[in-house]
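Trainee: Whole structure, please, built from the sequences with the hints as guidance.
Sequences listed follow chains A and W, in order. The first sequence: position 28 = 28 (this note's numbering), numbered continuously. The second sequence: position 77 = 495 (this note's numbering), numbered continuously.
One should not assume that every hint holds.
[Claimed, not checked] Here's a subset of chain A near chain W, in silico, CB distances under 10 Å, partners left out:
{"no.": "1", "residue": "Y16"}
{"no.": "2", "residue": "Y112"}
{"no.": "3", "residue": "M113"}
{"no.": "4", "residue": "G119"}
{"no.": "5", "residue": "D121"}
{"no.": "6", "residue": "R122"}
{"no.": "7", "residue": "G293"}
{"no.": "8", "residue": "F399"}
{"no.": "9", "residue": "D414"}
Calculated from the structure, these hints are not laboratory results. If you're wondering where the values come from, they're calculated on a predicted model, not measured in any experiment. Where is the CB? At the ideal position from N, CA and C, for every residue including glycine.
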Amino acid sequence: MSSEVAIRVDNVAKRYRIFARPFDRLLHQLFGLRESRCEPFDALHELGFTVRRGETLGLIGRNGAGKSTLLQIICGTLTPSAGSVSVNGRVAALLELGAGFNPEFTGRENVYMNAAIYGLDRAAIERALPSILAFAEIGDFIDRPVKTYSSGMFVRLAFAVIAHVRADILIIDEALAVGDVYFTQKCMRFLKRFKESGTLVFVSHDVNAVINLCDRAVWLDRGRIARQGPAKEVCEAYLGSFYPDADTGDNDGGANVAGRRGGEEFGTGSARIEKVELLDATGRPLTLLLAAGRVELRVRCRAHADIADPIVGFFVKDRLGQYLFGQNSLQLLPGWTRIAAGASVEVGFAFHMPHLASGDYSIGVSVAAGSQEKHVQHHWIHDALHFRAQADPALTGWFALEDLECRLHDAGSDDVPA
Amino acid sequence: MLKQYLYLVYQMSRREIVGRYRGSMMGLLWSFASPLVMLAVYTFVFSVVFRVRWQTGGGDNASFALNLFAGVIAHGFFAECFNRSPALIAENAGYVKKVVFPLWMIPATVVVAAMFHMLVSLLVLLVCSALYLQQLHLAVLALPLLLAPYALLVLGVSWIFAALGVYLRDLAQVLPVVTTVMLFMAPVFYPVEALPEAYRGWMYLNPLTYVIGEMRALLLNGAMPQWAMLAKFTVAALLTAFAGWKVFRKAQPGFADVL
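Mentor: Set out below in structure tokens:
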């Protein structure tokens, strides 16, 4: 293996064999018998990729896609059923926080134990200890049993140890989800520094963190690699996969809501919203908002009966469902008085989208008829579209200010008249 | 690498030993106190209540109690490791699934910790022997030659049952019964000479019989080891340890799938 390659995953597959009788499983493990008596479950189908030294790889995918299985195989805690993994360098993994921690023992004792597992001898641990304590910031709690720790303290200590074992390859699984913003930022700074010399494999549901941190990404879907390549591309494709017909091509990337199941909606049904799409300035579907800019929200609806005084409206909500902003066509299209039965129209709202704070957003749309005060909802969809925004994590509030300037004005000197 | 392993075994065993008394007021003193209390109870029950006498050697109460105690110590070491082995890996599932850890070390840790407790008990036994029987034999120095292969034997057995226990959970229920059978089918409460000749050979199928007999000989009778037998025992212990290692390594890749 070339010394340029840190991790090579070669046609790795993982088949879990489910035996009705444990004894059969034992015979299978020891002598390879009883294959016919198991019910196989393929968690990973043959897949392969390489991670170059110094590269940062993000691993994304939905729950059950095989991310954790793959990580465990790379770490060596799981044995692949086929294929092989070669790892070039010392691996430290944070698969689940504080795995090696004994709750009865103090933080300090656990640090010694944990670091010893990673191959540090006593002298090395003693040298690293002050730095570990400084990173973990748990103060006097270091000499109390770990069972008295808050989950945040637990994470901080576990991460602090991992950060100091001088690994060549770091593998981090969802580790940062537990900590508070302050600690997450600290870990991110550490990981960014670590990237300069080491190889990092990072698993997260947080696509923003992956884009922020990783050069490349691998998207796993039901045990197969759905896509791999530059992190941003893969993440966008992954986000796009959450929309029903995103696979049909770039020209048709909106949500086809006509045949929606499960989504919350109501209305008389005299008019139906058939399609909603959010397009960026170049006319491509927008799934990831990285900067403020011109967007157009297109809502297509079909009337099943004559609709007089139609109104089409939308609203943008944050993750918690708070309405951020919205508008309807009543004032904007004063001359629009009718949709004939069977006709289909598309209303486009073009506006300047502010650069929203990082997170998930959804867009609700509706078609109604009447006036602002008195109207009938024909079709209302709570969450017709989703998109994600990524902004500077330091951003406070809901959106970033634009054209922000800061000037220093001379307000006169503070001379006291005699 | 070896140095790191040894350091890790040391850390783990220390944790195992200290952990048992963690939070108790007397701490490590308990490891002295409990064998002392056991010794007192044995003496009372068997020599005062039952009025049994050890058939060979000195017939007084102290001698009986110490002979009994030697047997209980040797059996206790085995019982401790053997009973815990099938559940060990499941108890430490975190080491299997969450970190890359030399799993063979987990049973080894238990053996080292049990060995520590056995040594403490033996120390109590020797002190009592010196106080009450006014005897302390030079043959005691040969004790490590017996204990080392004994520990290897127990380690091998622990590896085997730790590996099998992951797959066969029933073992955790079965082994304590086996341990109790071994207690009575070994000359713990009686000298092997108390058995009719015809049964003695069978008794030696239990490896504890040899260990207990030899331990009494070294500690209480001052006889030097029977070298030929010790050599055979050592070879058997090495073979058991090797077999245990093989079984454990073979079964290990499947642990994470089962737990």
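Trainee: Please go over all the hints and tell whether each is borne out by the structure.
Mentor: A quick look at each hint next to the structure:
1. At a threshold of 10 Å, the smallest CB-CB gap from A/Y16 to chain W is about 6 Å, leaving the interface hint in force.
2. The interface hint given for A/Y112 holds, since its Cβ lies 7 Å from the closest Cβ of chain W, which is under the 10 Å cut-off.
3. Nearest Cβ of chain W to the Cβ of A/M113: about 6 Å, under the 10 Å cut. The hint holds.
4. Annotation: A/G119 was flagged as interfacial toward chain W, and the flag holds, the nearest CB pair being 6 Å apart, inside 10 Å.
5. Given hint, A/D121 at the interface with chain W, holds; its Cβ is 6 Å from that chain's nearest Cβ, closer than 10 Å.
6. This hint holds: A/R122 has a C-beta 7 Å from the nearest C-beta of chain W, less than the 10 Å allowed.
7. Taken as an interface hint, A/G293 does not check out: its beta carbon lies about 44 Å from the nearest beta carbon of chain W, beyond 10 Å.
8. Checking A/F399 against chain W by beta carbon gives a least distance of about 40 Å; that is not within 10 Å, so the hint is violated.
9. Because the smallest distance between the Cβ of A/D414 and any Cβ of chain W comes to about 63 Å, over 10 Å, the interface hint for this residue is violated.
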